[in-house]
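Peer 1: So in our numbering, spot 29 of the sequence shown is number 17, and the numbers just go up one at a time.
Quick caveat, the hints were computed from the structure, so don't treat them as lab data.
The structure displayed is predicted, hence computed values, not measured ones.
Take the hints with a grain of salt, since some may be wrong.
To be verified - Derived pair list, reagent style BS3-like, types lysine-lysine, alpha-carbon separation capped at 30 angstroms:
1. 11 x -3
2. 11 x 21
3. 21 x 36
4. 11 x 36
5. 7 x -3
6. 21 x -3
7. 7 x 36
8. 21 x 7
9. -3 x 8
10. 36 x 8
11. 36 x -3
12. 21 x 8
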Amino acid sequence: VGYNAEGEKVTSGNYENGKKVGKWLFWNDDTLKEVNYENSQISSVVEKDKNSKIVY
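Generate coordinates for the entire structure from the input sequences, incorporating the hints supplied.
Peer 2: Right under this line is the structure:
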């Protein structure tokens, strides 16, 4: 989990053996990007309104 200077969450995700894996979330202003990683590479990206409901 990463936070900005105002204490707001800006990233959430997991590492395995030093590499991003699975679902990562990136918050920026009024948007949320859901990025999926497979084999250390981006497999998909979905951009949503920041107020969308997210299932972890």
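Peer 1: Would the hint linking residue 11 and residue -3 be met if the CA-CA limit is 30 angstroms?
Peer 2: holds, 16 angstroms
Peer 1: Please verify whether residue 21 and residue 36 have alpha carbons no more than 30 angstroms apart.
Peer 2: holds, 6 angstroms
Peer 1: For residue 7 and residue 36, compute the direct alpha-carbon distance and say whether it is at most 30 angstroms.
Peer 2: At roughly 24 angstroms apart (the allowed maximum being 30 angstroms), residue 36 and residue 7 satisfy the hint.
Peer 1: Under the criterion that the straight-line Cα-Cα distance not exceed 30 angstroms, is the pair residue 21, residue 8 satisfied?
Peer 2: holds, 15 angstroms
Peer 1: Take the C-alpha atoms of residue 11 and residue 21, compute the straight-line distance between them, and say whether it is at most 30 angstroms.
Peer 2: This hinted pair holds, its Cα atoms lying about 10 angstroms apart.
Peer 1: Given the hint that residue 36 pairs with residue 8, test it: the Cα-Cα distance must not exceed 30 angstroms.
Peer 2: Roughly 21 angstroms between the alpha carbons, so the hint for residue 36 and residue 8 holds.
Peer 1: Check the hint pairing residue 36 with residue -3 against an upper bound of 30 angstroms on the C-alpha distance.
Peer 2: Holds - the C-alpha atoms of residue -3 and residue 36 are around 16 angstroms apart, at most 30 angstroms.
Peer 1: For the pair supplied as a hint, residue 21 and residue 7, confirm whether the alpha-carbon distance does not exceed 30 angstroms.
Peer 2: holds, 19 angstroms
Peer 1: Checking one constraint from the list: CA of residue 7 to CA of residue -3, max 30 angstroms. Satisfied?
Peer 2: Measuring from Cα to Cα gives roughly 20 angstroms; hence the hint holds.
Peer 1: Next pair to validate is residue -3 with residue 8; report whether the Cα-Cα distance is within 30 angstroms.
Peer 2: Status holds; Cα separation ~18 angstroms.
Peer 1: Tell me if the straight-line CA distance from residue 11 to residue 36 falls inside 30 angstroms.
Peer 2: This hinted pair holds, its Cα atoms lying about 14 angstroms apart.
Peer 1: Residue 21 and residue -3: Cα distance at most 30 angstroms?
Peer 2: holds, 13 angstroms
Consistency with the previously given hints is maintained throughout, with no hint failing.
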